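Using the sequences and the accompanying hints, generate a full structural model.
Same order as they appear, the protein sequences are chains A and B. FYI, my numbering numbers position 63 of the first sequence as 63, with every residue one higher than the one before it. FYI, my numbering numbers position 385 of the second sequence as 385, with every residue one higher than the one before it.
Just so you know, these hints were derived from the structure itself, not from any lab. No experiment lies behind these values; they were computed from the predicted model shown. Among the hints, erroneous ones may be present.
To be verified - Covered by chain B, per the in silico footprint, the following chain A stretches (three or more residues, Cβ under 8 Å):
#1 302-315
#2 328-336
#3 351-363
#4 376-386
#5 422-434
Beta carbons: idealized from backbone N, C-alpha and C, even for Gly.
The primary structure of each chain is shown beneath.
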Amino acid sequence: MGKFIRLKKGFTINLQGKAAPKVVDTDQPETFVIKPTDFQGLYIPKPVVNVGDTVKAGSPLFHDKKHENVMYTAPVSGEVVEVKRGEKRKLLEIKILADKKIEHEAFKKYSVSEIANLSAADIKTQLLTSGVWPSLIQRPFGVVADPAATPKAIHISAFDTHPLAPDYNILFKGQDQFFQAGVDILKKLTSGGVHVNTHSTTEISTVFSQIKGAEVNKFSGPHPAGCVGVQIHHLDPINKGDIVWTINPLGVTQIGKLFLQGIYDTSRVVALTGSEVKNPQYYKTYTGASVKKFIDGNLTNDHVRVISGNPLTGTAIGKDGHVGFFDHQISVLPEGDYAEFIGWITPGARKLSFHRSLGLFSFLSPGKERVVDTNTHGEPRAFVQSGVFEQVTPMDILPTHLLKSILAEDIDEMEALGIYEVIEEDLALCEFVDVSKHKVQEILREGLDLVQHS
Amino acid sequence: MDFLKHQIEKIKPHFEKGGKWERHYYSFEALETFLFAPATTNGIKGSQIRDAIDLKRLMMTVIISMVPCLLFGIWNVGHQHFMAIGQVSATLGEKFLVGAIQVLPVVVVSYGVGLGVEFIFATFRRHPVNEGFLVTGMLIPLVMPPDIPLWQVAVATVFAVIIGKEAFGGTGMNVVNIALTARAFLYFAYPTDISGDVWTYIGDAQTVAGYSGATPLSLAGDAATTGTNVIQSFNSFGAGWNEGVFTLSNLFMGIRPGSIGETSTLMCLIGAIILIATGAGSWKIIVSVFGGAYAMGLFLNLVGGNAYVEMPAHYHLVIGGLAFGAVFMATDPVTASQTETGKWVYGLLIGMFTVLIRVFNPAYPEGIMLAILLMNVFAPLIDYFVVSANKKRRLQRATV
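Take a look at the structure:
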């Protein structure tokens with residue numbers, strides 16, 4: 001049976017501009033983009049389409065030179081209008097001008113009883129060609145899963161505790177049948193079980209609670225309780241040599257649809273959030289959508305930063321950017337490029353802080369939603385071991401020592417200190433609370449790259 | 001404000017790469033960020049938002065926590081001065097004035113010299129000026145005797161910042177507490193000015209009849225050799241000129257001779273409350289230093305031997321600089337143990353060693369300074385064991 005795990009450490013960042021619980025079905029954006037940079041661990045992505053080609057949803061766009069059988073496919077049907085490359089001809093994005101009506105590439109369809117008899121090899125072939133495969137993320141390192149590997153377990157986090165996070169009950173409403181089929185299929189790919197990790201205090205959608213054949217675990221506590229890495233650490237930690245896969249619920253339902261309906265359906269609900277949005281709400285769209293249609297005329301002012309993903313781990317994409325492959329959320333925050341007169345001492349309850357230092361009173365009203373901008377609020381300085389990293393990391397891991405071992409490029413030490421158990425999102429809060437303004441996530445990725453390629 | 005900002009923007013290019021004052025960029029940066037929190041924003045990837053805290057604010061919090069000790073210290077220097085010269089009728093204002101004249105120059109010299117060294121190093125080593133010295137600069141005067149020659153403060157500060165910190169790579173890299181390095185330097189370089197009868201500022205005045213510059217620590221040390229009861233000699237001390245100066249309640253309040261800011265256990269506890277409430281100092285270290293000292297005191301009471309050993313354990317917490325060391329020195333995040341478990345061990349050992357050194361080493365009446373310096377050196381070793389235990393748990397899990 002599932003476990004119940006109570007986490008105490010952490011910090012839930014309570015921001016203004018949560019999405020109202022309604023899903024809007026507006027005109028679809030014109031362009032959709034797949035960015036190879038969304039996927040960790042790609043070696044050399046090679047496009048298989050040219051500008052002017054027409055594609056259907058599920059047609060291959062590119063593959064990686066290291067794993068050529070993993071296809072990255074079009075989220076919608078239409079015409080390829082741009083293959084953008086950067087320095088050293090690195091593939092940055094492939095843009096599709098979408099058809100009004102989405103056409104799908106036809107894959108093999110199965111009934112529920114047929115799914116029960118599928119072999120792992122057949123499943124992998126269908127997942128790999130259709131473009132669903134890259135949703136499977138391998139731990140350690142948080143890279144796209146290696147098709148040749150068999151993970152010791154597959155973990156699905158069924159809630160999100162990031163700032164302004166969307167409600168998964170809205171995101172996956174009515175997807176019960178596809179989620180169940182997805183879990184049934186995933187079970188065949190692992191030597192262990194499938195874990196569905198839910199939140200104990202919020203109402204759990206039947207999509208997750210009624211699931212059969214998976215272990216449903218419950219977690220309580222502040223962010224990062226929703227981060228799958230933290231969950232794995234408490235359920236079945238990753239040791240050296242272990243391989244664990246994670247997948248978000250959208251990927252699971254996409255697998256279900258792929259086998260039940262024979263299509264790669266990337267339709268998804270995305271939350272538009274943030275203090276600078278007039279009407280924060282949910283939109284129905286497809287993977288890689290342009291944000292322009294959603295934010296045009298829907299912002300309170302012009303001086304903003306548009307982020308694909310949440311404010312802790314997201315990527316700034318600009319006002320005509322596109323939502324990332326893994327993101328359920330667009331956050332729009334005020335840009336913080338202003339100098340503040342003696343800003344290092346001015347008191348106030350307006351500024352959000354995990355700390356209680358002189359003049360920072362936000363801890364007095366933890367329930368209050370706050371507006372936070374993108375200012376760094378200070379300059380980079382040397383590490384100060386004030387113990388706050390430990391207070392926001394609900395794992396038996398010493399973040400400061402791990403980060404220092406990365407800076408020292410000491411691979412044995414990184415391994416011993418548990419680098420296999422974490423990726424950026426698990427330590428993102430350390431970056432937020434850091435007095436010395438280190439780029440914790442960037443440092444961690446450098447360490448992961450170093451360990452992986454040594 | 002806009003005018004000020006405009007002026008800064010105007011001169012900024014001179015300090016940037018290629019400008020005529022390029023080498024002074026970090027001095028400029030220190031002043032600029034002091035006036036204006038910078039307009040920098042977070043990167044494209046990673047955390048797009050940041051906590052409102054920065055190092056300056058954290059350091060300011062620590063400085064605020066020392067203000068009660070400083071103010072009390074200024075008054076106390078004046079008070080002890082007038083008690084020693086027999087002017088019992090001196091007013092509060094007079095006491096503050098005398099104290100301020102003695103204390104403030106020490107503060108100014110400590111900050112001026114220390115920051116000067118910091119800026120010079122920042123210029124030559126090309127690193128930002130760290131805010132750590134804002135705290136060190138306040139700690140140094142508080143552990144100095146009131147009558148310390150200013151040139152000695154300057155020399156000690158230079159020594160502490162260069163040998164104690166910059167030689168090890170700057171802020172965050174030092175092994176031992178910088179303020180204690182300054183004091184230890186004076187202790188060994190100019191022992192006559194920092195031990196013996198130096199704890200009361202006399203000036204040119206004549207001391208009152210019966211005056212003695214002894215401290216509780218020296219009285220207790222004498223008691224060990226003469227065999228008199230420590231409590232009795234405390235309570236009878238000062239008869240005729242400073243009645244009841246070493247009673248338990250007075251020791252706790254801190255109205256007694258001593259270093260400028262370290263006499264009052266009460267003021268240190270107020271500082272401790274500020275540090276703990278704001279999270280700027282580790283409560284584990286503070287509690288465990290007191291706990292360690294008390295436990296060792298109790299243990300020695302049980303063993304017995306001489307009058308000092310048999311002094312009630314709680315007296316150890318209010319005499320000397322134990323409280324000040326526990327609250328402000330031991331908690332220095334750079335030199336303390338950096339793991340949460342390690343902090344307990346580190347604090348306990350400081351407390352225990354302090355009492356051991358006091359009782360069994362007559363050459364060094366004040367144990368806390370040496371105990372903290374000693375444990376600063378051993379803190380990495382404590383951390384090593386805590387970190388190894390963490391690694392071992394991970395390894396064991398893998399083989400199960």
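Results of checking the hints against the structure:
no., hint, result
1, 302-315, "holds (count 7)"
2, 328-336, "holds (count 4)"
3, 351-363, "holds (count 11)"
4, 376-386, "holds (count 11)"
5, 422-434, "holds (count 6)"
The structure meets every hint from the earlier list without exception.
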